[in-house]
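> Those sequence lines, one after another, are chains A and B.
Here the first sequence stands for residues 1 to 300, numbered as in the numbering used here.
Here the second sequence stands for residues 1 to 415, numbered as in the numbering used here.
The hints are simulated quantities; they were obtained by calculation from the structure and are not laboratory data.
Honestly, I wouldn't trust all of these hints.
[As the list claims (entries may be wrong)] Computed cross-link-like contacts, SDA-like style, restricted to lysine to any residue with a CA-CA straight-line distance of at most 25 Å:
| hint | chain 1 | residue 1 | chain 2 | residue 2 |
| --- | --- | --- | --- | --- |
| 1 | B | Lys-238 | A | Leu-7 |
| 2 | B | Lys-238 | A | Val-279 |
| 3 | B | Lys-328 | B | Ala-145 |
Next come the chains, spelled out residue by residue.
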Amino acid sequence: MEFLSYLISGISLGSVYAIIALGYTMVYGIAKMLNFAHGDVIMVGGYISICATSYLELPGWLSVLLAMAVCTVLGVVIEGLAYKPLRQATSLAVLITAIGVSYFLQNAALLIWGASPKGFTPIIPATNAQGEPNALPLFGGQVSISYISLLTMGACIIIMLALTFFTGQTKLGKAMRACSEDKGAAQLMGINVNRTISVTFAIGSALAAVAGVLLCSFTTSLMPTTGSMPGIKAFTAAVFGGIGSIPGAFLGGVLLGIIESLAKAYISTQLANAILFAVLIIVLLVKPSGLLGKYVPEKV
Amino acid sequence: MKKKNLAAMLMAGAMCFSLLAGCSGTGSTGSAAPASEEPSQGTQESAPAETGNQGTEPTGTASGTFKLGGIGPLTTDTAIYGKAAMNGAQIAVDEINALGGAVQFELQPEDDQADPELGVNAYHKLLDDGAQIIVGSVTSGSGIAVSAETYKDRVFTITPSGSSVDVIAGKDNTFQVCFTDPNQGTGSADYIAENLPGAKVAVIYRNDDAYSQGIRDTFVAEAKAKGIEIVDEGTFTKDTQTDFSVQLTSAQNKGADVLFLPIYYQPASVILAQAAAMSYAPTFFGVDGMDGILTMENFDTKLAEGVMLLTPFSADAEDERTQNFVKKYNELHGETPNQFAADGYDAVYVIYEALNAAGCTGDMSAEEICEALVAVMPTISVDGLTGQGMTWKASGEVSKAPMAVVIKDGVYVTP
C-alpha cells in the first residue's frame, strides 16, 4: 500500500513534468531550438492565474483560460522579438538568447509581483467545505488520489493525444512536420515557415500556462524563480523520452516523476536528484536518442 | 556532423542553465529593492528638532549621533524577515530619537538577500557610509560571514535573528537578540516532552541549511535524553522544497502524531497544504522560522490552525509596550509585526542601553565603540519585547525564557 501511494505521488508529479516537457519538445521538434524560457512562461502563467482569482475574483477554470491567453500572446511576442531575427544565426546564439529571455522574465516578474512567495489556491482545493480531503479513496481508503492529481494526469493524457493528432492529421500539423524536416524545402512547397513556427510557440506557451496552474496547485506557492527547476527537470524528461517526440516527452515525464518519488522513498531524500540524473545518463549511454527518439543517421 | 553539433548544443545548454539555476536565487534581484521599504530619512532628521524639549532625558552617559548599519534580506524569498527586522529597528530608532536625549540614531538598512557574499558587500558599503555599529545580519548564513568580517575590523555587531551558533562562535564582539539554534531545538524538545507526553514525533528538515540542520541536531539529542520517541525523519533541499508527499506519507505510515518542522515558513506552508490534501493532521510544531506564515500573501490561514511554534514574541501579549509597538507597526506597515520585527526593535534598544552603560560618544570610532560595548555587554540587563531581563554571556549568547504559542483563528495565542 505504501508503495502504491508513493507510485501515485510519483505519477502525479511526473504528469506535471510531462506537460512541461511536451511544450519543450514541440518547440524543439519544429523550430530545432531549446526554449529555455519555457520554465519562466510557466511561472508567468501561475502569476496570471493568481491575479485572476484574487484580484479579478474569477473562478479557477476561467483563470486557466486567461493564463493560457496571456501566455500564448507572450510566447508569440517572445518568438517574434527575440528568436525570429535569429532564424539564420547559429544555434548557440539562439540558445544564449533563450537564456537571456529566461532572465528577463524572472526579473520582470520580480519587479511586478515582488520577491516574497505568494500562496496559490489550487484550482481544486485540497479539502472541501466540510474539511474532508478532495480525493478519491482506493482499497477502502488505504490509498487515495487527490482530484487535482487525477485532473493533472487526465490533462496530460488529453494534451498528449491532442498534440499527436494535431501534428499527424491536420494541415497545420503537417506543415510543422515539414518545417521540422527541412525548412528550405518546406518554404519552396509554399509553407509559411515563420507563421508555422509562431503557431508552434503559441501552442507551447499555452501548454506552459496549463502546466503553471497545475504545478502551482501542487506546490501551493509561487515565486519568480518557481519555473526554473521544474523547467530543467522537464527538459531532462524530454531528453530522456527522446527530444522531439511527443509520446516520448509524456513517457519521460511520467518515468522521471516515478523515479524521483521512489528514490526519495526507498533510497534517500537527499540523493533523489542525483539518482534521477544518473538514470538519465545510463539511458542516454544505452540509447543516445532517448527512449522513443528516432535515430537519424548522419548523411555524409 | 549535424548530430554532433546537436549533442554539443544540448550539453552546453544544460550546463549553462544549471549554472544559471544555481545562482538564480542571488543573481536575479539587485535592482528590485523596494524603495517604499526604505525608512524615510526625513522623519529621522527632523525628530530631534521637534522633540528636543520633551524633557525625558534618559539616565545615561552616552551622547552624540550614532550611525547604525542594518543588514538583512530586503528582497527574495526571505525578504519577510529582513524587512520586518529593519522596520522594527526603525521604530525603535524613531522612538529613541523622539525622546530627544543626548543619544540620536541613524539607521541605514542594506539588502543582502540572505546571501553571505552579498552580506559582506553590504557590510563594506555600510562602513564606507560611516556606520559605527552593525545591526545584522538577519539570517544565519549571511550572519556567519558578516560577523567574521566585523570581528576582523572590530565593529560591534548585534544580530536580531541570526540564530546559528556559528554567528557568535569565537567572535567576542557579536551578540544575539534571538535564541541560538541549539536553544531552539532543546527548548522545543523540552516543551514537547512536558506538554505533549507520549508523542510520536516525526521531523522534516532541510539538510542543506545550517539553520535547519542545527536545530534538528539538538532537538534529536535532547529528545533522546527526554525519552521522546522519534519515529521518522525526512529531509529536503533548496531544490526539492516543493513536493513533500513522500516525506509526509512516510511520517503518516509510521504513526507520527507530532510533526516537528525546524524550517522556514515557505516550505512549511507547502507541507501544511499537502498534509491537508492527504488528510494527515498531526500537531505541527515549528520554531522561529515558522513565524511569518500568517502574513504570507494568499496563504489560507485555516491550514495553519493549531500549528504550535516556539517564539519569544507574541503580538497579542497584553503589556503596554507590546501593544504600542504592534499599533505603531500596523499604522506604518499595515500588518501585525512578527518576531523578527520585535527582534530588530530590541536590537536597537540593546545598543542604546549598552552605549549608555559604556558612556560612548558619537565621535568615537567604530573600533573604540566596539571595545567599550564588548566590555559592558555581559553586565547589562535589558527589558525588551522578546523577553524581560535579557542578559548576555561574554560569548554573545542571550539568556531569556522561551515561550510557545499556538495559532488559533489566524492569530498567535498562548496555549
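> Each hint: holds or not?
Evaluated hints:
In summary, the hint linking Lys-238(B) to Leu-7(A) is supported, as the alpha carbons are separated by about 23 Å, within the 25 Å threshold. With a C-alpha separation of about 21 Å, the suggested pairing of Lys-238(B) with Val-279(A) holds against the 25 Å cut-off. Using a Cα cut-off of 25 Å, the hinted pair Lys-328(B) and Ala-145(B) is violated, with the two alpha carbons roughly 33 Å apart.
Comparing the model with each earlier hint shows a violation of hint 3 alone; every other hint is respected.
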